[in-house]
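Colleague: Chain C is already provided as a structure; the job is to place chain D with the ligands on it using the hints.
Residue numbers (our numbering), protein chains in the order written: chain C, 2 to 623; chain D, 121 to 564.
Keep in mind the hints are simulated off the structure, nothing from the lab. Mixed in with the good hints, there may be bad ones.
[Unchecked claim] Taking lysine to aspartate or glutamate and the EDC-like style, the derived pairs with C-alpha atoms no more than 16 Å apart in a straight line are: (1) K562(C) <-> E538(D); (2) K326(C) <-> D420(C); (3) K562(C) <-> D535(D); (4) K479(D) <-> D418(D); (5) K331(C) <-> D318(C); (6) K291(C) <-> E252(C).
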Amino acid sequence: MKHEEFDILVVGGGHAGVEAASIAAYLGRKTALITMDLRSIARMSCNPAIGGLAKGQIVREIDVLGGIMGRFADWAGIQFKILNRSKGRSVWSPRAQVDKRLYEQGVQRHLSRLKNLTLIAAEVVNFIDARGQIEGVILSDQTRIASRNVILTCGTFLNGLIHIGRQKIRAGRMGESAANGITEALHARGFSTGRLKTGTPPRLDAATIDWSLTKPVRGDDNPVPFSYRSHNFDPPNVLCHQVYTSESVHEIIREKLIESPLYSGDIHGTGPRYCPSIEDKVYRFAHHSKHLIFLEPEWTGSRQIYANGFSTSLPEDVQLEALRKIPALKNVEFLRPGYAIEYDFIPPRQHKNTLESKALAGLFFAGQVNGTSGYEEAAAQGLVAGINAAARSAGTEPLILGRNEAYIGVLIDDLITKDTVEPYRMFTSRAEFRLLLRFSNADARLLSHAKRIHLLPQKEILFLETKQNLTRAVDACLNTSLSPDEMNPVFVRSGTKQLTQKQPARALLKRPEIRISDLPIVFPDFPADWGSWLKNEILSEAETEVKYEGYIQRQWEQVQKSRRHEKISLPAHLDYSGLLGLSNEAREKLSAIRPQTLGQAMRIQGISPADIAVLSVYLVRK
Amino acid sequence: MIEHDTIVAPATPPGVGGLAVVRLSGPQSGDILKALDSQHRPPKHRQATFLRLEDSTGLIFDDAMATFFRSPNSYTGEDMAEISCHGNPLIVQQLVSSCCTRGARIADPGEFTKRAFVLGKMDLIQAEAVASFIEAQSLESTRLHHRLLRGDLSTRLVALKTKLMSLLQSVEYALDISEEEIEPGFLPGLLKDTTSLDRSTSNLLATYQRGHLLTFGATVVLTGPPNSGKSTLLNRLSNSERAITSPDPGTTRDFIDVQFTLEGIPVTLIDTAGLRESRDSIEEAGITRTRTLMKDADILVWIQSATDKSPEELSLPKKPDIVLLNKSDLLDSSMKNTDPNVLFISALYGDGMEAFKSKLLKNLGGAPLLSSGVALTTARQHAALISFQRPIRQSLTILHSPNPSLELISFEFRDALESLDVLLGKTTPDDIIRAIFSNFCVGK
Ligand SMILES: Nc1nc2c(ncn2[C@@H]2O[C@H](COP(=O)(O)OP(=O)(O)OP(=O)(O)O)[C@@H](O)[C@H]2O)c(=O)[nH]1
Ligand SMILES: [Mg+2]
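Only chain C is shown next, with the shape it has when bound in the complex (with noise of 0.2 Å):
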């Protein structure tokens, strides 16, 4: 078969690729996405889930910047709840259960009414290049594909190889092949790759589950969605299911922990430290008597039940041994064991911040092929590498989101600057700017970006400037003066001082017990036909502003300050080696990673203030 040119080929269907794709053909640019099995795109390969601590606020951004997580979360979604309510605006965080086969379907769909997209089922082995460029691919059957853009996006699929207890299977997903190949055509073209390994938990019966036994957990009653283009949300709110497990679970874990191949050595990639194995648990926090599992629902009236917290690679008998001892699950029945996948990566530290390697043009890498784990990291790097393969493509200006912008831009900026010794997981700690980086205000964030790339159709841009600007009125009124006759009686309910004589609405809403509801104050009328989460995240907004006034101005002289560093630029070709005063930790971390600015070098574990002089007092000389 022959194929014509694509501006942008994207290889992988997972969420990385999806994004990637879907964005680029959005752009105008004439796009194929090239997969082995068309039916699994976007496929939730993992937990039935998206969202949660930081991952809630990336979807939030991905929405703003045009992509589809959030969107089509939104429509399969389940049951949505906002997690750490009682801790703090910034870490609030949503997170929707997730119909992983509606997920897939309406993904599918989307794709494939897309104008400029081809959708191409086939295994790519090889790259076309010449000089240093890239201008296209070479299929399993040596078909060529040229294009001068190609994002690779291929997950856990590189090398995969499954295990299960001393159980070996050569597959990219369980039921599904590796692809083998790419690797050593990266390496054919200078670049290195390592190792990593990542688990999954075991799916279960539901029938063989005895649900009286487990501890049912609601969503939210105001479900908030993730996309601001879901107009008419209005989503199920199904029960999910806790249970815990016990010592006589422990005691039978340890017992065979030789059996796993963690600890018998046979996994030589490195695992998550933050979503570890059971085994892991069990081991390295002896002292918790008890650890959570979720029973998760993988679509609605499903039979399989995702057992969220209990991923494992012991054999399989041994995990259904340690399940039965607890109670609900004392005759549970599994539809599939879990297992540990171990795969290539490549280190994102070869890339540019636009995901672009630095080795061959015109070639981007996204997703868990760059070292992440879970969906909403991928997805967040699928559709910075689709833009910017796109303004690549058009000749336009890429997108660089700052650390103090995005969630997304600090993601970026990690994978490029920092070793990835385990699969990288997005925290809200990693952001240094996270008082500022709120899910509720990823529009305010990121909308000059989306409107000076065209990410988003103009009535969606027209609808979020219509937020803003009520979120603008909504602080104006908080100017209005309140009397003690209007504001002593909350006062008195709350048991805190009450009010001599009139004081701004904005002075009173500093009180940490005082809320926006509480004042008694008009606000705008909001459009009849927005949902109330809508209104409520902007008056909940408005009052974070004013509550975090003097931190979010102190955040602020931190960017500020930040940013000097940011200005200053490294050549690209400096020669590290020659640098007289460099450690030789700097010097080779240095040469290897070639930081794009000072900012970045600052960043770089082991660089030490002493290296930045040297460097600073290199630029100043030059």
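Modeller: Relative to chain C, chain D with the ligands alone:
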């Protein structure tokens, strides 16, 4: 900031002496050593060798001993050499310029220590201690600075940092990893630990006053009407006959200073011209100087004669800290000590000296240090630790409020950590570092 050329400077003070030491630091130190004596073998680490010093024309100008230190095991962390030659300034001069013709450059003040700091051989607190250690005026002060140089204060600060880091980690865990509600015991525990961190910080801050005094000393200015016994008191305290005394008013015209130590605090005591409507221009000039001295004094002591019932009303630039009524020997005992803020002394006979000294100490402030104790010594350290404590205090305020926000506590903790890094010199801006090292002498 760092230059990787080789620097040279005399490490001993200028002038004639038995020996003088010249120091070299930088990658060329070994080569320069070899070039100074054409017969010389390649230098070995920590080995003293005999050198026949040659100038650039090959003429021998002195015999010397040189010790070589291989990087990183040297004071600066670079290759270094210490050359002991004869203590004639001309020879020292010759040696330094011979090193320069062979590729070295004369060091800036403090450059050796600065290199040691930059190369991580010491932190900023230790570097600050170097200068104070050399210049210390009392045994107590040298002991304190030796402890600081050894890193005892740094250890205390690192302990504060470690403690804060573990608190920050627990806060971040609650924010970032645990999807469950905050455990009931968490906030009270955090409050307790933060309070104890605040207390440790206060304890360390309290050492500043004494640490500063031990390092920089104190100036005590004696003032009062003519003939009240100022010079007599100065002689008594310094155990000398440094000042001329006489029954004639206006004996002292220019100021006189002497040194003595009080619990290890180096005190500069200044006797001044008695204050009165001046009779001549010399005396007037003396009085003008006296007023300037008074302004800068740490402690201003007013002395008048106890027998002088109504001394002339004089306007002082500032209120005296201590008032002494001298010549108590001339009073009958019934009249003594009515006002606790006034001390009766007899400078001539030595009565009331102990009371005066302890009053001086009390006014200088600060508790004496334990023999193993550390102290903050510089205003920079004090200011940085205050900026460490401020956010800690702020987080305590948050913890006491109805719904403490963990993200704000984390923000304050991070702010505090940054101040500690500044204090230890981990993230100190370049200009501050430059200011610190510019106070050094050349050769250190
Ligand atoms: N009886 C008695 N005489 C004292 C005492 N202290 C000082 N005198 C005498 O008072 C006279 C003046 O003493 P000075 O120490 O010269 O006084 P001064 O304050 O330095 O005077 P000017 O330098 O002139 O300002 C001398 O004759 C001292 O011997 C004291 O405690 N008792
Ligand atoms: Mg006198």
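Colleague: For every hint, state whether the structure bears it out.
Modeller: Going through the hints against the structure:
1. K562(C) <-> E538(D): It holds: about 13 Å lies between the C-alpha atoms, which stays within 16 Å.
2. K326(C) <-> D420(C): Since the Cα atoms of K326(C) and D420(C) sit roughly 40 Å apart, the hinted pair is violated (cutoff 16 Å).
3. K562(C) <-> D535(D): 14 Å, holds
4. K479(D) <-> D418(D): 13 Å, holds
5. K331(C) <-> D318(C): At roughly 14 Å apart (the allowed maximum being 16 Å), D318(C) and K331(C) satisfy the hint.
6. K291(C) <-> E252(C): 11 Å, holds
Violated hint for the displayed structure: number 2, the only one.
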